[in-house]
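Trainee: Just so we're on the same page, our numbering is the position in the sequence shown counted from 1, plus 8.
Be careful, since some hints might not be right.
As the list claims (entries may be wrong) - Ranges of calculated distance between the beta carbons of each label pair, as one might list FRET restraints:
(1) A166 to K271: 42 to 48 angstroms
(2) T312 to H414: 18 to 24 angstroms
(3) R111 to V174: 31 to 37 angstroms
(4) T462 to H305: 23 to 29 angstroms
(5) R39 to R444: 28 to 34 angstroms
(6) R39 to V470: 42 to 48 angstroms
(7) G229 to R444: 47 to 53 angstroms
(8) R444 to V233: 51 to 57 angstroms
(9) I421 to W31: 30 to 36 angstroms
Keep in mind that the hints were calculated from the coordinates and are not lab data.
Just so it is clear, CB atoms sit at the ideal spot from N, CA and C, and this is done for glycine as well.
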Amino acid sequence: MNVAFLFGIMFVVFSVVGTAIAWVARRVGLRSIEDFYAAVGRFGGFLAAMTYAATTYSSFMLVGLVGLAYATGVGSLGFELAYLLATIGILCLWGPRVWRLARCRGFVSPSELLSRLYNSRLLGLFVSLLYLVALIPYVSAQFIGVGRVFEGLGLGFATGVGAMLVLSIVWTVLAGMWSVATTDAFQGMWMITTSFGLLVWLVGLTSGGNVDVGEVLEKCGLLSVGGGFWSPAIFVSFTIPWMFFAITNPQVVQRLYTPRNSKAYRQMVLMFAVYGLAFTAFVVYIGLVARALADYHLIPLPRTRDQVTPCLLTVAPPMLAAATYVGIVAASLSTVDSIVLSIASALVREVGRGKMLAYTSIVFVNFVAASIASTKPAPIVEMSVLSSLLLLPLAPASIYAVYRPHEVNNHRIAATASILAGVIVAFAAAILLGPRKTLTTLVAGIPVPLIVLTVSTIPIAVSIVYRRS
Numbered sequence: 009m010n011v012a013f014l015f016g017i018m019f020v021v022f023s024v025v026g027t028a029i030a031w032v033a034r035r036v037g038l039r040s041i042e043d044f045y046a047a048v049g050r051f052g053g054f055l056a057a058m059t060y061a062a063t064t065y066s067s068f069m070l071v072g073l074v075g076l077a078y079a080t081g082v083g084s085l086g087f088e089l090a091y092l093l094a095t096i097g098i099l100c101l102w103g104p105r106v107w108r109l110a111r112c113r114g115f116v117s118p119s120e121l122l123s124r125l126y127n128s129r130l131l132g133l134f135v136s137l138l139y140l141v142a143l144i145p146y147v148s149a150q151f152i153g154v155g156r157v158f159e160g161l162g163l164g165f166a167t168g169v170g171a172m173l174v175l176s177i178v179w180t181v182l183a184g185m186w187s188v189a190t191t192d193a194f195q196g197m198w199m200i201t202t203s204f205g206l207l208v209w210l211v212g213l214t215s216g217g218n219v220d221v222g223e224v225l226e227k228c229g230l231l232s233v234g235g236g237f238w239s240p241a242i243f244v245s246f247t248i249p250w251m252f253f254a255i256t257n258p259q260v261v262q263r264l265y266t267p268r269n270s271k272a273y274r275q276m277v278l279m280f281a282v283y284g285l286a287f288t289a290f291v292v293y294i295g296l297v298a299r300a301l302a303d304y305h306l307i308p309l310p311r312t313r314d315q316v317t318p319c320l321l322t323v324a325p326p327m328l329a330a331a332t333y334v335g336i337v338a339a340s341l342s343t344v345d346s347i348v349l350s351i352a353s354a355l356v357r358e359v360g361r362g363k364m365l366a367y368t369s370i371v372f373v374n375f376v377a378a379s380i381a382s383t384k385p386a387p388i389v390e391m392s393v394l395s396s397l398l399l400l401p402l403a404p405a406s407i408y409a410v411y412r413p414h415e416v417n418n419h420r421i422a423a424t425a426s427i428l429a430g431v432i433v434a435f436a437a438a439i440l441l442g443p444r445k446t447l448t449t450l451v452a453g454i455p456v457p458l459i460v461l462t463v464s465t466i467p468i469a470v471s472i473v474y475r476r477s
């Protein structure tokens, strides 16, 4: 049976089921405007874990990380595990403090973590605008990814972008965080199930002895760590922005507000850790096996890293291929829903109030991202890899605020200077070096992300020393 036809059927079923879940969430969960944005303190461990996982793991996993493993070998596993371990550490050490502060002080939007603790409305507005500038390109890239899935199946790029736009608006507007989180759980299960199915198929395909995966990877130098693409400096450049992802990205910070009690919070961390480890292992294995299959000419040779998964799916069983394509759409959609809701909540909480303004913000952000995506601008796609770098300057101010909430009121100017200085350096690097080279170029032997983090830390550190002296 034709893959495009099967995909169409599965996508319709996926859309109907997801919309039904969102509608039930509206009837059961939504009680107030605070519930709409963050469902503060009302999620159990499973729902909190699944929305955190689905929000974190975008189509980068099923497309980007597969291609990265294909091209760079086992070093990609180290890169992704460094992120996972850092995130688990942050969730264990920093996250519980954020959860308690949110309950005590009534945080709803991610920007309030800074604006309320530093007692600065101006800082909150600046952070909200930074979210918009840094993440709209990333959201646009998710739209582009879905558009290309539809285009590759002969269904039209515009059809994919349009379908994504409608589902994102409907699933977000229906019940805010409640509809986003419940559909996240549905999408997260779809993502990991299809990746596991792909893994099982590949194990069966290579178990007959016709394909020696280890030999191919050894011959290509993809089993060594610290050489080839993954030099120590490159590894640091790629991992620093991701290691602070859980602190700087609003869509995941907002998830820390949701567990109903400390037990639910601990369950969230444990379930996310298991999900993240399994998903990472599945995806990296898929990428490594794809490299061996390409070497044996069993799949078409991909021209770029992002084409590895589509090339692999051309030889997969049609039902599995169609389900995986829907999994890619699910990964993109869950990320878009979460980011759009976070940006909208930050803008509304810092600028004004009211559910109508919330709906308007959600529709506006979605339409802007879809409009940008419809032009297929390469620079926007490249800029998406810099989203975490552009948000990295938020890390020092956020860490200090959470650990010293009763002291930070005296450091609001330093916090603003910290974020502004880091953002200027990040943008300057992107303009002078180009977005792609920003993560691979060394300046005086130092990776750019490390420079950004250092520049952002200095104003906070100087202010602390000055106040204490």
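Trainee: Look at the Cβ atoms of R39 and R444 and judge whether their distance stays inside 28 to 34 angstroms.
Mentor: 46 angstroms Cβ-Cβ, so the 28 to 34 angstroms window is violated.
Trainee: With respect to the beta-carbon atoms only, verify the hint that G229 and R444 lie 47 to 53 angstroms apart.
Mentor: With a Cβ separation near 22 angstroms, G229 and R444 fall outside 47 to 53 angstroms, so the hint is violated.
Trainee: Just tell me: holds or violated, for the beta carbon distance of I421 and W31 against 30 to 36 angstroms?
Mentor: Since I421 and W31 have Cβ atoms about 47 angstroms apart, the given range 30 to 36 angstroms is violated.
Trainee: Can you let me know if the beta-carbon spacing of R444 and V233 is within 51 to 57 angstroms?
Mentor: violated (23 angstroms)
Trainee: Okay, T312 versus H414 on CB: inside 18 to 24 angstroms?
Mentor: Once the Cβ atoms are compared, 51 angstroms apart, the range 18 to 24 angstroms for H414 and T312 is violated.
Trainee: Quick one: are T462 and H305 within 23 to 29 angstroms, going by C-beta?
Mentor: Hint violated: Cβ distance 47 angstroms, outside 23 to 29 angstroms.
Trainee: Quick check: does the Cβ-Cβ distance between R111 and V174 fall within 31 to 37 angstroms?
Mentor: holds (35 angstroms)
Trainee: If you check the beta carbons of R39 and V470, does the distance land in 42 to 48 angstroms?
Mentor: holds (45 angstroms)
Trainee: Please test the hint of 42 to 48 angstroms on the beta carbon pair from A166 and K271.
Mentor: Taking Cβ atoms as reference, A166 and K271 lie about 47 angstroms apart, which means the hint holds.
In summary, the numbered hints that this structure violates are 2, 4, 5, 7, 8 and 9.
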